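Novice: Starting from the given sequences, assemble the full structure and let the hints guide the process.
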Amino acid sequence: MKQNQKDYVSIKYDEKRKPKTNYPKQLIEYLCTQFSLQKNSKLLEPGSGRCDFLNEFQKAGFHCEGLDRDVSSINNEYGLQVKKCDITKEIFPYDDNSFDIIYHKSVIEHMYDPTHFMEESYRILKPKGKHIILTPDWRTQWKSFYDDFTHCRPYNMMALHDLLNIYN
1 MKQNQKDYVS IKYDEKRKPK TNYPKQLIEY LCTQFSLQKN SKLLEPGSGR
51 CDFLNEFQKA GFHCEGLDRD VSSINNEYGL QVKKCDITKE IFPYDDNSFD
101 IIYHKSVIEH MYDPTHFMEE SYRILKPKGK HIILTPDWRT QWKSFYDDFT
151 HCRPYNMMAL HDLLNIYN
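Following the working numbering, the numbering of the sequence shown begins with 1 at its first residue and continues without gaps.
These aren't lab readings, by the way, just hints derived from the structure by calculation. Quick caveat: nothing in here was measured; it's all calculated off a predicted structure. One or more of the hints may lead you astray.
Restricting the straight-line Cα-Cα distance to at most 30 Å, the calculated cross-link-like pairs of lysine-lysine (DSS-like) are [said to hold, decoys possible]: (1) Lys126 to Lys59; (2) Lys105 to Lys59; (3) Lys84 to Lys130; (4) Lys25 to Lys39; (5) Lys105 to Lys89; (6) Lys126 to Lys25; (7) Lys84 to Lys39; (8) Lys143 to Lys39; (9) Lys18 to Lys89; (10) Lys128 to Lys42; (11) Lys126 to Lys83; (12) Lys12 to Lys25; (13) Lys143 to Lys42; (14) Lys6 to Lys16; (15) Lys39 to Lys6; (16) Lys12 to Lys128; (17) Lys84 to Lys20; (18) Lys130 to Lys25; (19) Lys59 to Lys12; (20) Lys128 to Lys25; (21) Lys128 to Lys20; (22) Lys128 to Lys18; (23) Lys59 to Lys143; (24) Lys25 to Lys59; (25) Lys12 to Lys42; (26) Lys128 to Lys83; (27) Lys59 to Lys83; (28) Lys16 to Lys143; (29) Lys59 to Lys18; (30) Lys83 to Lys143; (31) Lys84 to Lys25; (32) Lys89 to Lys130.
Quick list of simulated restraints, FRET-style, between CB atoms [stated by the list, open to error]: (33) Ser10 to Pro127: 34 to 40 Å; (34) Asp162 to Thr140: 15 to 21 Å; (35) Lys83 to Ile11: 20 to 26 Å; (36) Gln34 to Pro127: 18 to 24 Å; (37) Gly79 to Trp142: 35 to 41 Å; (38) Asn97 to Lys20: 32 to 38 Å; (39) Ala60 to His131: 32 to 38 Å; (40) Pro93 to Lys20: 24 to 30 Å.
Glycine included, each C-beta is placed from N, C-alpha and C at the ideal position.
Specialist: Right, here's the structure in full:
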């Protein structure tokens, strides 16, 4: 008999466990300033999760889409377009040079090998596009990093810098 299984997003981002705050709005405002992000840019968030950040980008004037493998992300409460895709092994369902910005927060540390993900990200990113990667800092998060059983690979600034240099 098959058990009724919940997905990662509905467990890890349950409203009782992680109540919504104004942090997504504050972070998006900061990123827009820090990286000179232009409104009306086309933005993709792989690993959209609860879609709180994608929603704030859209409210800030960006044309947003997401990718996720979890049903709760695809059927998000904001009605945002999130396509089903396992970003670690499936071809992203977009043409080359489709996006001005690729943004993801707390996604890359869930991958044993980010090669496919990085190749697909840069395939669909426009020339001179921006790839914004946010991940827990191993030096400050090592005590709690593996509290999330899906975390596979910690990053520090040097590791992330090297990863980005490999993909120019």
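Novice: Hints first: check each against the structure and report whether it holds.
Specialist: Tested hints:
Between Lys126 and Lys59 the alpha-carbon distance is near 22 Å, which keeps this suggested pair within the 30 Å criterion. The suggested pairing of Lys105 with Lys59 holds, with an alpha-carbon distance near 18 Å, which does not exceed 30 Å. A distance of roughly 23 Å separates the Cα atoms of Lys84 and Lys130; the hinted pair therefore holds under the 30 Å criterion. Pair hint Lys25 plus Lys39 holds up; C-alpha atoms about 15 Å apart against a cutoff of 30 Å.
Taking the CA atoms of Lys105 and Lys89, the gap is near 19 Å; set against the 30 Å cutoff, the hint holds. A threshold of 30 Å between alpha carbons decides the hint, and for Lys126 with Lys25 the separation of about 25 Å falls inside it, so the pair holds. Annotation: proposed proximity of Lys84 to Lys39 holds, straight-line Cα distance about 26 Å (limit 30 Å). Restraint check: the Cα-Cα separation between Lys143 and Lys39 comes to about 38 Å, which exceeds 30 Å; the hinted pair is violated.
Restraint check: the Cα-Cα separation between Lys18 and Lys89 comes to about 28 Å, which is no more than 30 Å; the hinted pair holds. Using a Cα cut-off of 30 Å, the hinted pair Lys128 and Lys42 holds, with the two alpha carbons roughly 13 Å apart. Restraint check: the Cα-Cα separation between Lys126 and Lys83 comes to about 20 Å, which is no more than 30 Å; the hinted pair holds. Of the pairs offered as hints, the one joining Lys12 and Lys25 holds, with about 20 Å between alpha carbons and a cut-off of 30 Å not exceeded.
Distance restraint check for Lys143 and Lys42: the Cα-Cα separation of roughly 37 Å exceeds the 30 Å cut-off, and the hinted pair is therefore not satisfied. Between Lys6 and Lys16 the alpha-carbon distance is near 16 Å, which keeps this suggested pair within the 30 Å criterion. Pair hint Lys39 plus Lys6 does not hold up; C-alpha atoms about 36 Å apart against a cutoff of 30 Å. For the hint linking Lys12 to Lys128, the alpha-carbon distance of about 34 Å lies beyond 30 Å, and the restraint is violated.
Pair hint Lys84 plus Lys20 holds up; C-alpha atoms about 24 Å apart against a cutoff of 30 Å. Of the supplied pair hints, the one linking Lys130 and Lys25 holds, its CA atoms being roughly 19 Å apart against a limit of 30 Å. Between Lys59 and Lys12 the alpha-carbon distance is near 24 Å, which keeps this suggested pair within the 30 Å criterion. Note on Lys128 and Lys25: the hinted pairing holds, with a Cα-Cα distance of about 25 Å set against a maximum of 30 Å.
Straight-line distance between C-alpha atoms of Lys128 and Lys20 comes to about 33 Å, which puts the hinted pair past the 30 Å bound. The suggested pairing of Lys128 with Lys18 is violated, with an alpha-carbon distance near 35 Å, which exceeds 30 Å. Proximity of Lys59 to Lys143 is assessed by CA-CA distance (about 35 Å); at most 30 Å being required, the pair is judged violated. Simply put, Lys25 and Lys59 have alpha-carbon atoms about 9 Å apart, close enough for the 30 Å limit, and the pair holds.
As the CA atoms of Lys12 and Lys42 are separated by approximately 28 Å, the hinted pair is consistent with the 30 Å bound. Only pairs whose Cα atoms come within 30 Å are accepted, and Lys128 paired with Lys83 is accepted, the gap being roughly 25 Å. Straight-line distance between C-alpha atoms of Lys59 and Lys83 comes to about 19 Å, which keeps the hinted pair within the 30 Å bound. Straight-line distance between C-alpha atoms of Lys16 and Lys143 comes to about 23 Å, which keeps the hinted pair within the 30 Å bound.
A hinted pair counts as satisfied when its Cα atoms are at most 30 Å apart, and Lys59 with Lys18 qualifies at roughly 22 Å. Distance restraint check for Lys83 and Lys143: the Cα-Cα separation of roughly 34 Å exceeds the 30 Å cut-off, and the hinted pair is therefore not satisfied. A distance of roughly 25 Å separates the Cα atoms of Lys84 and Lys25; the hinted pair therefore holds under the 30 Å criterion. Proposed proximity of Lys89 and Lys130 is supported: the alpha carbons are some 22 Å apart, at most 30 Å.
One distance hint, 34 to 40 Å for the beta-carbon pair Ser10 and Pro127, holds here, with the actual separation near 38 Å. For the hinted restraint 15 to 21 Å between Asp162 and Thr140, the CB-CB distance of approximately 19 Å keeps it satisfied. Between Lys83 and Ile11 the Cβ separation comes to about 22 Å, which falls inside the hinted range of 20 to 26 Å. Checked against the hint of 18 to 24 Å, the C-beta distance between Gln34 and Pro127 comes to roughly 21 Å, which is consistent with it.
At about 38 Å, the CB distance of Gly79 to Trp142 agrees with the hint of 35 to 41 Å. Separated by about 34 Å at the C-beta atoms, Asn97 and Lys20 satisfy the suggested range of 32 to 38 Å. At roughly 18 Å, the beta-carbon separation of Ala60 and His131 lies outside the given 32 to 38 Å, and the hint is violated. For Pro93 and Lys20, the Cβ-Cβ distance of about 28 Å falls inside the hinted range of 24 to 30 Å, so the restraint holds.
Checked against the numbered hints given earlier, this structure breaks hints 8, 13, 15, 16, 21, 22, 23, 30, 39; the rest are met.
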